[in-house]
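A.B. asks: What follows is the residue order along each chain.
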Amino acid sequence: MTTKLFGEPVRRREDGRLITGRGRYLDDIGHDALAVAFVRSPHAHARVTDIDVDAALDVEGLVAVYTYEDLLGPMAEPLPVLIPHPQLTAPRTGYPLVRDVVHHMGEAVVMVVATDRYVAEDACDRITVSYEQLPVVVGVDAAREARHAVHEDVPDNVAARHHQETGDVEAALAASAHTLAFTQYIERSACMPMEGKGVHAAWDPADSSLRVYTSTQASTSVRAAIAAKLQLSLEKVEVVAPDVGGGFGVKIVHPWPEELLVPMAAIALQRPVKWTEDRREHFISSAHERQQRQEIRVGYDDDGRLTALDVRIWHDNGAYTPYGIIVPIVTATQLVGPYVVPTYRVRVDSVYTNTVIVTPYRGAGRPQGCYAMERTMDRIAQERGLDRAEVRARNLIQPDQFPYDHHLTFQDGRPVIYDSGDYPGLLDKLTALVGWSGVEERRAEATARGKLLGIGMAMYVEGTGPGPYEGGHVQVLGSGKVLVSTGLTSQGQGHETAFAQIVAHELGVPIEDVEVTTGDTRRFGYAVGTFASRAAVMSGNAIALAARGVKEKALRIAGEALEVDPSDLEIDEGLVQVKGTPGISIPLRTVAVLSNPLRYAFDEAAKQATQFAGPGDDSKPPVAAGDAPGLEHVDYYSPVRSTFASGAHAAVVEIDTLTWEIDVVQYAVVHDCGTIVNPMIVEGQVHGGVAQGVGGALYERMAYDADGQLQNASFMDFLMPYASEVPDIDIDHQQTPSPLNPLGLKGAGEAGVIPGTAAIASAIEDATGRRIAAMPISPTELYDLVRDDAAGRVAPRRTGAMA
Amino acid sequence: MKPAPFGYADPRTLAEALEVLGREGEGAKVLAGGQSLLPLLSMRLAAPTTLVDINRVAGLDSIESGPDGVRVGALVRHARLLDDAAAAGVQPLLARATASVAHPAIRNRGTTVGSIAHADPSGEMTAVLALTGGSVTVATPAGRSAVGWQDFFVGPLETSVHGPAVVVDAFFPALAQRSGTAFAELSRRRGDYAVCGAGAVVTLDADRRVSAARTAYISVGLVPQVHDLTEAVAGRPVDTVDWAAAGALARTLVDPDTDLHASADYRRLLVGVLTERTLAAAALEATGRTP
Ligand SMILES: Cc1cc2nc3c(=O)[nH]c(=O)nc-3n(C[C@H](O)[C@H](O)[C@H](O)COP(=O)(O)OP(=O)(O)OC[C@H]3O[C@@H](n4cnc5c(N)ncnc54)[C@H](O)[C@@H]3O)c2cc1C
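Respectively, the protein sequence lines represent chains V and R. In terms of our numbering, the first sequence has 1053 at position 675, counting the first letter as 1, and numbering is strictly consecutive. In terms of our numbering, the second sequence has 1074 at position 256, counting the first letter as 1, and numbering is strictly consecutive.
None of these hints come from the bench; they were simulated from the model. Note that CB positions come from ideal geometry on N, CA and C, so glycine has one too. There's no promise every hint is true.
Stated by the list, open to error - Label pairs and their computed distance ranges (CB to CB):
hint : chain 1 : residue 1 : chain 2 : residue 2 : range
1    : V       : THR825    : R       : ASP1075   : 28 to 36 Å
2    : R       : ALA923    : V       : LEU558    : 29 to 37 Å
3    : R       : ALA923    : V       : GLY545    : 36 to 44 Å
4    : R       : ASN873    : V       : SER611    : 52 to 60 Å
5    : R       : ARG1008   : V       : ARG792    : 58 to 66 Å
What the hints assert, rightly or not - Chain R side only, calculated, beta carbon under 10 Å to chain V, not exhaustive:
hint : residue
6    : ALA822
7    : SER860
8    : ALA906
9    : PRO910
10   : LEU1004
11   : ARG1006
12   : THR1070
13   : TYR1084
Said to hold, decoys possible - Only part of the chain R face toward chain V is listed, based on derived beta-carbon distances under 8 Å:
hint : residue
14   : THR831
15   : LEU832
16   : LEU836
17   : ARG1007
18   : LEU1088
Modelling step: build the complete structure from the supplied sequences, incorporating the hints.
C.D. replies: This is the structure:
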C-alpha cells in the first residue's frame, strides 16, 4: 500500500544518505577551488583610516586581495533592504566590504583569495587595518538613551517605529476595573545551524555563465541578487542549494556579502572560488535575534478577562536592517495569541546597536510576543488569585468565532484573520497531558527531596505559510519515475519525504518512484524560499496541484488509449485502470510515453507503448492546439493570506535549593498544524523547536561587553543545550484543517520554539515565588535573585484556585 | 580557523623528542592528545613553530598501580584511566574525577598527563594531582626529575617546566588507610568544564573519629590548591560530624573569580555545598574502610 501514505509516519528517505556521510554540503564541493578568508573588524564601531596589505603580498599562494576600493558599479552600493516598509524610516545596510565606518565587530573589511584557506588566513594575519574607534552602543537601553549614535545620521538610533492599534487603548485602560504594568527583558540568541554559511562559484568563460552553490534558504532570490549586483543576465546565473545543514532563518537573509563577493572573485579570476564560514565568523558576522525590552500595561475585569492591552517594545535590530522590520512586526501582531483582546495598541521602536544584525531566527519575533502575552496572563492570574489555566480559558477565542479578525496587519501586509482552530481544545489536552491539576502533590513530594517544583504554561498562535506563492513541477517519465521539483530549499526538514508522500497520494504512484528536488534554479526558477513555516503549506499545495494536473492529463490520454471515459478511470500503484473493472488498465509510465508523439524506440517502455498507440487522425496535428508533449504539469499555489497554526506547552521544573540548578523534568506539547502530512516529521520539528526553546530559556545568550565585543563567540562559551539538557517531550496533536488551502495544511516548522521561554519562566516563578522578569536565566542569576530582598515576590498562588 | 604554518616531528624515542625540542627552542610544543592544543592552534591563539608529536614515542603508555600509588604514563588517555580497575582500587579519585572530564570522544584522545601539563585550573586532574599530593616526572636532556605538584603549577596554563622537557608520567599516591574520597562537580551542561568542582579526602582514626579532611577545587582560583578543613571537624565521631562547618570554612578560604557562567559569589556558594557533599560521601567511604 505504498501509495496511501498521506498522513502516515513515513520514514524520512533522506536520512540514510545524510547520516551516513553521503550528504553533499557546501564544503564537499570543489576541493580545488581557490579559498576565501576575510579580515574582519575587531572593533564594534570604528572608522577605517588605513588598510596596509603590503606584508601579505609575499605570502606564497596569495591570489588576490579586495577592499571596498575594488568594488565596482552596484557592488559599491549598500546592500539591499530586502523588505522595505513605510514605518522603516531610517533603513541602513552595510556594504559588501566596509567602505569607511565599521558598525559591528565582525564586519568584513578585506577579502583575501588564496590557494587554500590556510594560506588565505596567513595572508589575513599580515594585513594591517588602522581604525579610529568611535563610541559604542550595546543593548536596547543604551540605544534608547541615544547618548551615542550607531549611524551618524540617525541620532536617536531609531530605525523604525512600528505602530498598530485596534481602538482607544488609553480610554479602555481608564475604564478597566483593574490594571497592572510591568517591564521585562528577553536576551539575544541565534540560529546556530550545524553547517554555517558557504558559497562556491564557478565561471564558465566559454559559455559566459556562472554557477553558484550556496548554503541558502532562498536560491532563486540569491540568483536574482547576483545577477543584479554583478550585472549579469539572469539566464547566465544558476544557483543551487546543495544539502544544507540547518538554516533556522539565518540563511533566508540574502544576499549575504559573501554571496556576491565570491562570485565576483570567481569571474575576475576565472577560477572556481569557495568560502566556507567558520564558527567564529558565524557568531560575529551572520545574524542574531530576540533582544527586546517590553513595557506592558494591561486592563482586565474582576474575572481576569482582558479589556485593554498596551505594549511598548524596544527591539534591538543590531547594526543594520537588511531584512526590514519583519521581526518587530511579527512580535507586534502575533503577541495577541489565542486570546480576545478587545482593545490593543502596540508600539515597537526598532533600534540600532553596534552588534551583529538581527534577522529572523526560528520563531522570528513570536517567542518574544508569546513571552509578553503569556507572562501577562500569569500576572493577571496572580493578581486575581486565579489558576493560570483558568485565566487563559476565560480569554480564549472560541471555536465558533472563526474566522477571527484581530484587525491587525501581518508581516505579509495581509489582515491577521485566524482561519480555524480550537484553542479550548488545546488547553484541555495540555492540562490533561501534563497533569496540571495534580501538581500540588508533586510539589509536596519534591519539597521533601529538597527541590522546589514549579509548573508553567504558554499558548501561542503562529501565522504560517505566507505567500506570495510557491510552485511545483511534476513529470512522469517513460521509466515510471516521477520527478518533482519546487523552488524553495530544504535544510533537513524532510521535504523529500513529505513532498513525495503528497505526490504518491495525489497521483496514485508508489512513493519509491517519486524523486524530489528542491532549491535548484536549473529545475525551478520561481520561488520565494523556506521560512515562516511555509514549505508544506506553500510548496506542498503547489505540488499537489501540479500532481492533479498530471493526473488529469494522464486520465485523458489513457481514456483515449483504452477507449473509455476518463472519469471512469483511476490510478493506483502506478496503474491507470477502469474503476471497479480489474484487467482493463495501462501503466502510468506507458501513458507517459504515449504523451509524446515522438517515440524513438530506444527502450522497452517505448516499445511497449506502441501497442496502445492509435493510428492517429491525419486531419489533426500530432500535438493538439493547447496541448503539449510530455506527461508533466507546473502549478502554483498563492494564498489569500496566512494560515494560523496554534499550540500550548507546559513545563515542569525542579530547582535545587542549594545550588539553584534548574532542571526541566517534564515538557508537554499540544500542537495543531491543521492536516498532518507526516506525524513523525511534525514531531521531529516540535522536538527540535523545544530544544531551541529550552536553550533560549536557560542557556543561550550573546555576551556582548560594553565595547561591543562578543565574549562567547564559540561553542565552548555559547551554551546550546546538549541532548542531556533537553527534557523528554510528550506530544499530543489536534487537527483543525485550514480552509484556505487544498490540503488543509498549516505550518509546523517553527512552533516548537515559540512558547519555551514563556512557559519555563512561568514554571521558575511558580517554583521560587520570585518574579522572573528577564530571560534567559541561569543558576548564578537565580541565586542572585533569591538573595535579593528587593526583588519582586509573587504571591503564593497555586494551581486549582478558581475564585 | 586554520592554524598558522608549523613544523612537525614525530619522534620514536624520548631522547629524539628531547633532541628536537632542544633544537627548535622556545617555539616548539609537545603534542599529546591535541584536545587542548589543536583548538588553540586553529583559533591562532597559539602559533608554535614546531609540534613534537609524542604519540609514537615508545614506553609512555603504561598505568602502573602499586601499593604506593598509581603512575600514569604520558600517553594514557583519560578513557583508559577511567576504566582501569586496579588504579581505581589504589586511588579511587582517579576514576571518579576522569568520569567528569569532557565527553567520551574527548576522553578517547585527550591524555591525563596532557591535561596536567596544560595546567588548566578547570581541569579535573590538576586538582586530583594536588589533592593526592602527587608529582610528575619531567624528562629533560639533563635527565629525569620528580616535581611535586606545588612546584609544578605556577599559574593558569603555566607550569614551572621550561625549555626542552617532556612530562613522562604523573604519580598519584595511594589512598591512605581508613580514608575515603569523593568527587563532585556542577557544570552548565553535562560534560562541560565545571562551574565549580570539588574533590575530598577524609581520614578517620581507629575510633572512627575524623582525623583529616582535605579538599581541592576546580574552576576556583588560578592554580590547584589543597584546603585542610580538619580544624572544623577534627575529632568528631564520623556519624555526628557537622559537615556544614567544613563547608563554611571552605568558603572563607577560597578566592574564586567571576566569569561568563558564574559570579564569584555563586562559586563560593557552590564551594560550600560541594564541600559538604563530598566530605560526607568521602567519610562514608572511609567508614567502610575502617575496621
Ligand atoms: C570540548 C572539550 C571539552 C573538554 N572538557 C574538559 C573537561 O571537562 N575537563 C578537563 O580536564 N579537560 C577537558 N578538555 C581538555 C581535555 O581533557 C584535554 O585532553 C587535556 O586538557 C589535554 O590533554 P591532551 O592530551 O589533549 O593535550 P594536548 O592538547 O596535546 O596538549 C595540551 C598542552 O599540554 C602540553 N603537553 C601535553 N602533553 C605533554 C607532556 N607529556 N609533556 C609536556 N607537555 C605536554 C602541550 O604542549 C600543550 O601545551 C576538554 C577538551 C575539549 C575539546
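A.B. asks: Which hint numbers doesn't this structure obey?
C.D. replies: 2, 3, 5, 8, 9, 12, 14, 15 and 16
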